[in-house]
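*Asks:* The whole structure should be built from the sequences, with the hints applied where relevant.
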Amino acid sequence: MRRIFDYKTLIPRWIAVLLAVPFIILPLFTTNLATLSMIILSGIWAIAAMGFTLILRTGQFSLGQAAFMAIGGYTSAILTVKLGWPFWPSFLLAGVVAGIIAMVIGSVVLRVGGVYFSIITLALGEVIRIVAMQWEPVTRGSRGLITGPPDPIPLGVFEINFAVSAVPYYYFMIVLVAVTGVIFWQIGRSRLGGTFFSIAANPILAEHQGIHLMKYRVIAFTIAGVFTGFAGSYYAHFLSTMTPYMLGLWESIQIMIMSIVGGVSSLVGGPLAGALVLYALGIYLSRLPVYGIQQLLFGTAVVAVLLFMPKGTGLVDLWDKFWRKVFREPEFYEIPSVE
Amino acid sequence: MPPAGIWIDGLIQSCIYMTMAFGMVLVFSILGILNWTHGQFYMLGAFVVYYAFTAVGIPFPVAMLIAGVVVGGLGMLVEKLIIERVNIPSAQGALYVTVATMALIFFFEGAASMLFGMQEKGLAMVFPGVLDLGSLSVSYQKIAVIIFTLIIMTAMYIMLNRTKVGLAIRAAAQEPDAARLYGISVKRTSLLVMGIGCALAAMAGSIMAPVYAINPFIGRIPMIMSLLAIIIGGLGSLTGAIVGGIILGFVNSVVAYRLSYFSEVVLFAFVIVLLLVRPQGLFGTPLK
Amino acid sequence: MPLLELCNVTKFFGKLAALENINLTVREGEVLGIVGPNGSGKSTMINVISGYYRPSRGTIVFNGKKISGMRPDRIARRGLARTFQSNVLFEGATVLESVMVGSYLQYRTNAWQSFFDTKTYRDEFEEVVGRVLDLLKTFELFNDTFLPAAGLSHGYQRMLGIVMALLANPTVLLLDEPTTGMNHEEAMFVVENIKKISAQGTTVILIEHNMRVLMDLVTRVVVLNFGNKIAEGTPEEVMNNQEVIEAYLGTEQL
Numbered sequence: 001m002r003r004i005f006d007y008k009t010l011i012p013r014w015i016a017v018l019l020a021v022p023f024i025i026l027p028l029f030t031t032n033l034a035t036l037s038m039i040i041l042s043g044i045w046a047i048a049a050m051g052f053t054l055i056l057r058t059g060q061f062s063l064g065q066a067a068f069m070a071i072g073g074y075t076s077a078i079l080t081v082k083l084g085w086p087f088w089p090s091f092l093l094a095g096v097v098a099g100i101i102a103m104v105i106g107s108v109v110l111r112v113g114g115v116y117f118s119i120i121t122l123a124l125g126e127v128i129r130i131v132a133m134q135w136e137p138v139t140r141g142s143r144g145l146i147t148g149p150p151d152p153i154p155l156g157v158f159e160i161n162f163a164v165s166a167v168p169y170y171y172f173m174i175v176l177v178a179v180t181g182v183i184f185w186q187i188g189r190s191r192l193g194g195t196f197f198s199i200a201a202n203p204i205l206a207e208h209q210g211i212h213l214m215k216y217r218v219i220a221f222t223i224a225g226v227f228t229g230f231a232g233s234y235y236a237h238f239l240s241t242m243t244p245y246m247l248g249l250w251e252s253i254q255i256m257i258m259s260i261v262g263g264v265s266s267l268v269g270g271p272l273a274g275a276l277v278l279y280a281l282g283i284y285l286s287r288l289p290v291y292g293i294q295q296l297l298f299g300t301a302v303v304a305v306l307l308f309m310p311k312g313t314g315l316v317d318l319w320d321k322f323w324r325k326v327f328r329e330p331e332f333y334e335i336p337s338v339e
Numbered sequence: 001m002p003p004a005g006i007w008i009d010g011l012i013q014s015c016i017y018m019t020m021a022f023g024m025v026l027v028f029s030i031l032g033i034l035n036w037t038h039g040q041f042y043m044l045g046a047f048v049v050y051y052a053f054t055a056v057g058i059p060f061p062v063a064m065l066i067a068g069v070v071v072g073g074l075g076m077l078v079e080k081l082i083i084e085r086v087n088i089p090s091a092q093g094a095l096y097v098t099v100a101t102m103a104l105i106f107f108f109e110g111a112a113s114m115l116f117g118m119q120e121k122g123l124a125m126v127f128p129g130v131l132d133l134g135s136l137s138v139s140y141q142k143i144a145v146i147i148f149t150l151i152i153m154t155a156m157y158i159m160l161n162r163t164k165v166g167l168a169i170r171a172a173a174q175e176p177d178a179a180r181l182y183g184i185s186v187k188r189t190s191l192l193v194m195g196i197g198c199a200l201a202a203m204a205g206s207i208m209a210p211v212y213a214i215n216p217f218i219g220r221i222p223m224i225m226s227l228l229a230i231i232i233g234g235l236g237s238l239t240g241a242i243v244g245g246i247i248l249g250f251v252n253s254v255v256a257y258r259l260s261y262f263s264e265v266v267l268f269a270f271v272i273v274l275l276l277v278r279p280q281g282l283f284g285t286p287l288k
Numbered sequence: 001m002p003l004l005e006l007c008n009v010t011k012f013f014g015k016l017a018a019l020e021n022i023n024l025t026v027r028e029g030e031v032l033g034i035v036g037p038n039g040s041g042k043s044t045m046i047n048v049i050s051g052y053y054r055p056s057r058g059t060i061v062f063n064g065k066k067i068s069g070m071r072p073d074r075i076a077r078r079g080l081a082r083t084f085q086s087n088v089l090f091e092g093a094t095v096l097e098s099v100m101v102g103s104y105l106q107y108r109t110n111a112w113q114s115f116f117d118t119k120t121y122r123d124e125f126e127e128v129v130g131r132v133l134d135l136l137k138t139f140e141l142f143n144d145t146f147l148p149a150a151g152l153s154h155g156y157q158r159m160l161g162i163v164m165a166l167l168a169n170p171t172v173l174l175l176d177e178p179t180t181g182m183n184h185e186e187a188m189f190v191v192e193n194i195k196k197i198s199a200q201g202t203t204v205i206l207i208e209h210n211m212r213v214l215m216d217l218v219t220r221v222v223v224l225n226f227g228n229k230i231a232e233g234t235p236e237e238v239m240n241n242q243e244v245i246e247a248y249l250g251t252e253q254l
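Residue numbers (this note's numbering), protein chains in the order written: chain A, 1 to 339; chain B, 1 to 288; chain C, 1 to 254.
Note that these hints are calculated values from the structure, not bench results. All the given hints hold, so there is nothing to weed out.
Here are the simulated lysine-lysine pairs, PhoX-like style, with alpha carbons at most 25 Å apart:
#1 B:LYS187 - B:LYS164
#2 C:LYS137 - C:LYS196
#3 B:LYS80 - B:LYS187
#4 C:LYS66 - A:LYS215
#5 C:LYS65 - A:LYS215
#6 B:LYS164 - B:LYS80
Note that the structure is a prediction, hence the values are computed from the model and not measured.
*Replies:* Have a look at this one:
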């Protein structure tokens, strides 16, 4: 009976685990910085895309998620660089601050729906970028802040040192993505996720069934904000820099596109697929001598997905269909006996 | 009081934003969509004119018209092949159109980078020389922008209010079902409007090409500005687009002169408050 | 004390008064019918009571507390649920998903417990599922449990709406033309179920066009015309009221 919100994922769990294995063992085969960076950055964008999808789950379309990454990034950058805080508390606080700001902004702005909400998030993102650029004493303006690597983690006699190679970054990213993924996945299949869905599917009906629309919209927006803040903070420390140019409208658009191409029906797998495919693919393409082909193909890929995939589906749904054929599962269950 | 030169720049920017906003809102009125690719057509118009004028030697006004037709046609292609197919009637339709037109931004920027190179191109002044008005000197090029806008806006007015085509457009925008009953093909009219809107953007890009430099990314700011213009003016209002364009043009130059970056913040903050308090903008129709 | 009371309720849309000075009391346990020609304000009345609209003037008191101006979800939480005539479905949901997300008010456990899947939550979940499936069986929707709700016939979609309203544990149930769009068997089936609901003590307010349905169910009728209450009484009294007959002139046989 747990299957009620869950029955769509008929893919056995072990397949998902199997998929993760190559990523987990990758550093054993290569410590090539470029390869590892590509995956690390895809993971970071994937987390931001998960946040976007969660907000979309409540019927809102946010074009400002990169700004929350910037908030997270600047928070931890300022705390470590200007106040000398160690990395890990700064990282945590980055998420908290981003979440609080999301909650405050959301409470005001989520009353508005549709395209107006999108424009507001767009405008807010730009305001944050401008503030970052101009608030010289705090953010050092357009020069930005140079951040350091995360502090070493002592593990018994060993020490995980981020300063020496990308491998610790890689594994921490895996942990971060895994934690975020599990949390989002559980939200999706819990009653909370169902409530989010109902707000998007028919807000009037949901409201009359006793659901306080604003409360849940703000909750989703805040949760997304927290994890996007974490992603942003990690982004800043991985790239060793935090400038106002890194996370603007165009990055918000990228986040949105990753989520949609990956498939909005899935809170975790979709964004992961979308981010990996679009970002990693994009990086490979940008190595071609022809400039601009990365963007060209990025745009084409998205339009192709929209044109040729059934509406509302993305890469994850292709994956889903494939496994259904393999296991010959019907699209819908027959009625189970009431246990 | 900012120097007169700034006011002129404000006027120029108003003209351009007005033209682009008009095109964008025209498309919105009849198709119900926000075309995020609008700025890319501006950029393409500039490139077409550049090559037509410098490489082929076509006189500038003709080159502009060519840019309008070519890019307008391209816009119609985009509408036919992509937007129409993606825009399903449910609420999701608007979402997909948004994603598609946003993706097309990257597509066109990438294509332009590949085809034309990233190097900034300068178009030599087509109308060289300056008009001296006492302490103020205005380049003829900038005057050309103003004249262009006047011509275009007049042409739009005449077309929409005095021609059959304009009547069809207005009918299809306001009451599509009734328009169909009168034999107006809403589909074809929509396609035409898309072409006109994109042509407007392209011609705006063309006339501005000699004023500032040309590169694949020049479409971004005009798009955001025309979007803000139609939001302020009110989605669906042609007058609103014009007023919004004027406001934005002057905010971006005159107010920016006084307040520099802060003017942008003020602008965005104003838009946010506007959308919270009066989402229909200045001239739009209230919802619910 | 009446369970639900409308005092001088007026609702303007622009200059048009959709409801004008409506005074109405609803007693506990009764089945009240609201009738009137199209456009008389019946749906507006339900919308105002359920909180979808705020009355321009007047107050609505439910169980001693003023609910006019409250958000619909707070009103629903107080025990007042309604069905809809159109816009009845959760887009993209199956029947089961619809009733599961719609059974929000059935739960006592909070979001944390649901997230962490605690034992308390799981037990409550099983209970709720049981109740939900029972309701689905009662309304003959059990066989469609896993099918998309949008694929149901209109009549069964309306029944799904009734199921969802019932899942809000209402003391007062507002039904907006529940049998419209149903064939005779379906309509009679709904009538039987409404009788059962009423027998269990729920107060029912019912907008209906179908006189046969109404006669069978209600104890009292209120007639609206152009936003005003023009008559009130037993069905027989109302049917013989001159004003009522005139209002309906030519539209329906009473």
